[in-house]
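With the hints as your guide, set chain B onto chain A.
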Amino acid sequence: MKKQVVNFLLNSEPVKIDADPAESLLNVLRENFNLFGTKAGCGRGECGACTVLIDGMPVNSCLVPLGKVEGCSVETIENLSSGEQYHPIQEAFVEKGAIQCGFCTPGMVMSAYALLKNNPQPTSLEIKTAISGNLCRCSGYKQIEEAILLAVESLKD
Amino acid sequence: MAELKTVGTSVQRKDAIEKVTGSAQFIEDRYMGPMLHAKMKKSTVAHGKIKNINIEKAKAHPGVKAVLTGKDYPNKIGLYLIDRDFLAIEKVRFWGEPVAVVAAVTEKAAAEAVELIEVEYDELPGVFDPRESMKDDAPIIHEDLGSYEIVPIFYPKPGTNIANHFKLRKGDVEKGFAEADVVIEKEYYVPQMQHVPIETHKAAVQWGLDGKLTVWSTAQSPNVVRQLLAKSFDIPMHKIRVISSYIGGGFGCKAGASVEGLVIPLAKMFPGYIVRIVFNREEDMQGTFTRQALFSKLKTGVRKDGRITALEYEMIWDGGAYTEYGVNIVRAAGYSSTGAYDIPNVKTDSYCVYTNNSIGGPVRGFGMCEMQWGIERQIEEIAKQLDIDPLEVRMINGMKKGSTTAAGQVVQDVDYHKCLKTVADQIGWGKKEGKFRGKGIAGLVKCPAQPSNAASSAIIRINEDGTAHVMIGATEMGQGMLTVISQIASEALNIPIDKIDIKVPDTDFTPYEWQSVGSRITYTCGTSVKRAAEDALGQIYRIAADLLETPQADLTFDGKMVYSTKDPEIKATIREIADSCKKCTGEGIAGPIIGRGSFVPTNMTNLDPETGQGNPGLFYCFGATGAEVEVDPETGVVTVLQLAAAIDAGQAVNPQLCKSQLHGGTIMGLSTALYEEVKFDKGVMLNRNFTDYKISTIDNTPHIESFIIETPETNGPYGARGIGEQPMIAVAPAVANAVCDALDIEFNTFPLTPEKVWKAIQDKK
Numbered sequence: 001m002k003k004q005v006v007n008f009l010l011n012s013e014p015v016k017i018d019a020d021p022a023e024s025l026l027n028v029l030r031e032n033f034n035l036f037g038t039k040a041g042c043g044r045g046e047c048g049a050c051t052v053l054i055d056g057m058p059v060n061s062c063l064v065p066l067g068k069v070e071g072c073s074v075e076t077i078e079n080l081s082s083g084e085q086y087h088p089i090q091e092a093f094v095e096k097g098a099i100q101c102g103f104c105t106p107g108m109v110m111s112a113y114a115l116l117k118n119n120p121q122p123t124s125l126e127i128k129t130a131i132s133g134n135l136c137r138c139s140g141y142k143q144i145e146e147a148i149l150l151a152v153e154s155l156k157d
Numbered sequence: 001m002a003e004l005k006t007v008g009t010s011v012q013r014k015d016a017i018e019k020v021t022g023s024a025q026f027i028e029d030r031y032m033g034p035m036l037h038a039k040m041k042k043s044t045v046a047h048g049k050i051k052n053i054n055i056e057k058a059k060a061h062p063g064v065k066a067v068l069t070g071k072d073y074p075n076k077i078g079l080y081l082i083d084r085d086f087l088a089i090e091k092v093r094f095w096g097e098p099v100a101v102v103a104a105v106t107e108k109a110a111a112e113a114v115e116l117i118e119v120e121y122d123e124l125p126g127v128f129d130p131r132e133s134m135k136d137d138a139p140i141i142h143e144d145l146g147s148y149e150i151v152p153i154f155y156p157k158p159g160t161n162i163a164n165h166f167k168l169r170k171g172d173v174e175k176g177f178a179e180a181d182v183v184i185e186k187e188y189y190v191p192q193m194q195h196v197p198i199e200t201h202k203a204a205v206q207w208g209l210d211g212k213l214t215v216w217s218t219a220q221s222p223n224v225v226r227q228l229l230a231k232s233f234d235i236p237m238h239k240i241r242v243i244s245s246y247i248g249g250g251f252g253c254k255a256g257a258s259v260e261g262l263v264i265p266l267a268k269m270f271p272g273y274i275v276r277i278v279f280n281r282e283e284d285m286q287g288t289f290t291r292q293a294l295f296s297k298l299k300t301g302v303r304k305d306g307r308i309t310a311l312e313y314e315m316i317w318d319g320g321a322y323t324e325y326g327v328n329i330v331r332a333a334g335y336s337s338t339g340a341y342d343i344p345n346v347k348t349d350s351y352c353v354y355t356n357n358s359i360g361g362p363v364r365g366f367g368m369c370e371m372q373w374g375i376e377r378q379i380e381e382i383a384k385q386l387d388i389d390p391l392e393v394r395m396i397n398g399m400k401k402g403s404t405t406a407a408g409q410v411v412q413d414v415d416y417h418k419c420l421k422t423v424a425d426q427i428g429w430g431k432k433e434g435k436f437r438g439k440g441i442a443g444l445v446k447c448p449a450q451p452s453n454a455a456s457s458a459i460i461r462i463n464e465d466g467t468a469h470v471m472i473g474a475t476e477m478g479q480g481m482l483t484v485i486s487q488i489a490s491e492a493l494n495i496p497i498d499k500i501d502i503k504v505p506d507t508d509f510t511p512y513e514w515q516s517v518g519s520r521i522t523y524t525c526g527t528s529v530k531r532a533a534e535d536a537l538g539q540i541y542r543i544a545a546d547l548l549e550t551p552q553a554d555l556t557f558d559g560k561m562v563y564s565t566k567d568p569e570i571k572a573t574i575r576e577i578a579d580s581c582k583k584c585t586g587e588g589i590a591g592p593i594i595g596r597g598s599f600v601p602t603n604m605t606n607l608d609p610e611t612g613q614g615n616p617g618l619f620y621c622f623g624a625t626g627a628e629v630e631v632d633p634e635t636g637v638v639t640v641l642q643l644a645a646a647i648d649a650g651q652a653v654n655p656q657l658c659k660s661q662l663h664g665g666t667i668m669g670l671s672t673a674l675y676e677e678v679k680f681d682k683g684v685m686l687n688r689n690f691t692d693y694k695i696s697t698i699d700n701t702p703h704i705e706s707f708i709i710e711t712p713e714t715n716g717p718y719g720a721r722g723i724g725e726q727p728m729i730a731v732a733p734a735v736a737n738a739v740c741d742a743l744d745i746e747f748n749t750f751p752l753t754p755e756k757v758w759k760a761i762q763d764k765k
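In order, the protein sequence lines correspond to chains A and B.
So in this note's numbering, spot 3 of the first sequence is number 3, and the numbers just go up one at a time.
So in this note's numbering, spot 17 of the second sequence is number 17, and the numbers just go up one at a time.
Bound-form chain B, shown alone:
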């Protein structure tokens, strides 16, 4: 590979100055015009039949323009399993489910009117634990499950609460257990957590007098919003424009379409008005997604030499009341169910189960944090029983080039062992630092969870002066997409990065990107942009060859000039080429240069419905986390002394941005390890603000060292792969492993709150 100029350097973020001066526009800073404000009426029971909704008093309230209920919305909405009404019709399935929406001239009037809506329910028995919900006598939450539209790679069981059962069978698990010297079986539990981006969900919608619907949204994936709204409201796609802006954090909660559709029928009633809905913090926490809770049972067979011969993994996920993403998280966790390890015989059953809790959904890692918690804890148990160093167990079983995943996909371009060794060295693995101090390591792997044909595209316009506009459909939510994609364009075009302009998407003007999720954008959008740049560059050469009457093979482009490598006097400036190029006779050669590139995976397949075997991964990103802790035995307080994170980025396009992701993901993981758990009481979310739901603050953040490992991804742009979610995945098990090392007590759930740790210490005494 030729030497890289821009890729691999820490160029300044494209959005840095805007963001640090407060001039960066988030969606709420953008729409202007005559406005109406919407507020939701939410259910006060977790499961119940709606007997009656009285909206008369609300409609009569001063300032109120309209009040709508579920019957005013024609169709359901959903991504994979279309199971949800915008507003509940006939019954509610979780506490806080919207049942009516008010539009008023001020937000205050809308909020007052919401209080005047009277809803009568016939309360139904609720079910709040997915294990109970799987039982034959459990109350059925979706009576019509069998009639819902569904993407045919998911397997619901109509007549039950099972929204998806993913099955995986690899090798011969009975034979594997027979070969084992030791069999270990344990149960694990991961509770719900919340993304809590600092910007909540927001949307505004305007039905233009020309019949065009404009949507301003905090959504991570404007093309999906357009697609879902087109279907739900029977509007052709060219009549919907979705505008994105800077997003104040996503982490998965702004994937899909969650708020936009609520206000569309209101907007239709008042053409020309912008109808706006802004979730407050409580609505954001309770009414969007939580990470699905996971109850799991893990059984591993292992030989005396530390080699794992068999794995049986049962996962029961709390899908919540509706599961549009949940079914796919359960599938992703299922096909990845050996974690970062090469295990020859596997039997996995992963169930997405409806309950009357808040809707379950994707959080940074898409099931991998939850699923790999069990794997990484059980490795410790294996090490303990065999009296082998747990790092050694990871080294013995860790995937290498040519290993197969649970789904039987062969992995390439892997150096998991280097990730493990790097964090082990950093935390001084093997050296005991004192009583009540401990060290822990955990590993991770993740591939983007996306359909096998999830596509991407890019357009590059070369201006008359040789500068360029890069147009893409990916969103900027802090990960640094604009900068990284510009670097890839700059590298491929050989045009300096300061001559490249890039903006956040607007579906009327920017090309298709499936979704900005799954750590996939650097790879997918990066590949599209690289191809668009190569297309534009090809045009530059073709035009130059014509202009200079020189074979293309003799020409080279240095970013400003195209010249002949045989005779440097034969040359043309990029301006001459890009500005409607003409010969000296005046005859035109070529019009404006527009490069286009697109991408669709060609290495992915569907999975066998019975065995789950196939190729579900676009690429696999490995990594590891190391932690050192000290526990106060009197109070149960866990103090993290240091954290080390190593992620194999393939090629870090921008090392500073990569490290930012490593630090941020590691601390988000630490926050879940020590503090975060959404608490429910019969479906009522109890901690729905930052006072009751604590996240990491600067004053409890320990020292972190992060390491970028670079094992190039053969098909990634310049060898790069995505790393946004990965740094979070191994943190909770690494911290728990360290706490276990300090106390010689097993923890099979987290967060490791002082209460939980103190109780465990007392129980041991």
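Isolated chain A, as found in the complex:
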């Protein structure tokens, strides 16, 4: 496999990697950068556990070849909190108990983060549409919706 140097912004820091450009971004994040917060659930873009932001848009990183992120800004769950400073979405997930096994949670939070970045006052329907690509087998989704609605409120202040 021919390697290629790919330059991109990873969690606001410039990075350069010499790797197979066809390798999935998910694998590169986990294996080359040890960013284990992004999870592999299906490898086919069906479950959303590997959701990251590329230039502010939520994508399934399992479907993105590394070569595609040349010059882009990639944001993972690790970028949302800083020490004990958590993003209001994360605080809302904790408060509303929107966490069970936690495997879908990083992807879920990233999809919510992308939504609120682009649409700070979403309707309930817009929330459901934005999260519809993130599967959760534990929660029944109710607490997740409540958490995102709470985050909308706390981001207003």
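Since the hints were derived computationally from the structure, they do not count as laboratory data.
There's no promise every hint is true.
Distance condition first, Cα-Cα at most 30 Å in a straight line; then the derived DSS-like pairs of lysine-lysine [as the list claims (entries may be wrong)]: (1) B/231 with A/96; (2) A/128 with B/756; (3) A/96 with B/418; (4) A/16 with B/108; (5) A/128 with B/679; (6) B/694 with A/128; (7) B/503 with A/96; (8) B/435 with A/128; (9) B/759 with A/96; (10) A/96 with B/5; (11) B/65 with A/3; (12) A/3 with B/49; (13) A/68 with B/71; (14) B/59 with A/2; (15) B/49 with B/231; (16) B/231 with B/299; (17) B/297 with B/268; (18) B/59 with A/3; (19) B/108 with A/2; (20) B/503 with A/3; (21) B/175 with B/304; (22) B/756 with B/186; (23) B/65 with A/2; (24) A/2 with B/57; (25) B/499 with A/96.
Here is chain B on its own, set in the frame of chain A:
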């Protein structure tokens, strides 16, 4: 009971911050070191003799370190009925059964090598319907059934495909039918479904140069993994260490030992290397367990006043190609076969039957969803024929304190009627909302399906500063075990929860827990932890009494200080007591405080082999679900307008976590009611990804209200009982009952897909 401080409050999950920031470690995030990657070669026929396996090309493939076949594995593996080889030897019994495994330096090289393995089969006739498989002329799937090792509470029939026949005889069923005014007989069918936790099965194994085997696994029950691997590979238990981490959902599919053993012989060949196997989604769906399909026949006799006098229940379960858990699911469904109802005369025959479908196994509810589907549908039929409100039929026959189960066990601490009434009130029972709209209710009961001596244990170490470590063998798969167990420890020790540390298990360092299954952990592990805390607390008092030269009876502990209730000036801090306590003269009093507690049920018995009578239940948890639906007659689409769930938790240790279980279980149940069915074509699983196998998403989730009922469990810790599986059980029948109410059409199977509902509407016209 003294007023509770921590138990009964919604303290924040212990693992919340880790999980919401992505820093929580799941098993794949933990092992590091020189690594080899394993991939399986899977059978392409559902039933066939293996004529030849050619691994030469695969072995020669660049990056490949080793290729193994079934003969490289010394023994079989199994939990109750030891019927399975790690890799098929001589014959394969289901499509996708592993026949060889490759270890390579990359996963890609391993996958490429798998394609180079050539397997020749002599295909045998397959059998894919357990009813056919029970017939005398059916092809035999396990010729050696009679020689398999088995726990002697199961009854296989060698020479047939019947892996277990559970018999139950209570009262006099003929007399019961003679007393009935109406006899109703119907057939029901529940198809296979899949657990689909978002995290698939994974394991990694390292054979240390010191001869120690370390296993990292997504397994729900590390102690069972250790026990099974010790037996299968003839390794003493102290030489096996099983490490658990956060588990990304279990629902039963990660019970038992399914993947770990596959890589152990590879690890043995390369000491020091970590050999890793990660199931992809397709492998996870096809190669682990499915919920067993159930074909059932149900006959009930009922008097005009609505009292059920007799029940005859025949259940034929699709055990699949191997049945290590299946035999016990069939038994559990058999001994619970009256559901939530007190029926005096019962005859049940429950059969676990081998077929050439994927392996059947436990899914949240352990047979109760499947078995109670028939009961809860037939109650509707009774109500219709007698022209009585179905809720009333449930109220008349529902179990109360002192009722007996099918097995003849007397139930205590029950308020099933309150569960029914709660959901009925919530959905506005009895009020018709319009054409094509309907309401339905269904009830449920479940006890943990576990051996009568399934044990648990806990250790609590009190640190020098009075903080505590709680060590247990239960796993955290989302249910909130770490939090609930910490709350119980905090309550019993009178130490604030933020001063209690708890971690997921590691068999080298944490004590025994049988399995994290069956909604049993709050009760079993909770009891062990409470006892360990009481043991530690006893030591604190004894040491304090010695130090303060005061009778123990006069002392009290407030979490920081022990002081005399007679003279508050006589006191000692927890630090003084816990930090290698000494007298003012310097003479030592006591070393570190280590509390220990263990639990084994004393209220369970074996069941009579002929009548199934005895005490199989550790505790019984009741509940009910209510549903309101609207059906589009043009398309057959069922829209669920609202769901109500009520579960009797005894005492909710953490109400927020309880409600999370209620919501999650209810939506998992709804997903099975409307969408989920694993489809097979002659054993080939057709829908093995999330595109073809749909589960509920946020945009099709209706409004749910959940209610925690609290009828304290006398012997549970602080009155608590487990509730993890229960919320799922009554959902499919509640939704179907509502659809029947809307359309006046009976559905005896689910999922209620638009196709199925539309066809039924057309047939009625």
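> Which of the stated hints cannot be reconciled with the structure, identified by number in ascending sequence?
Replying inline: 1, 9, 12, 13, 16, 17, 20
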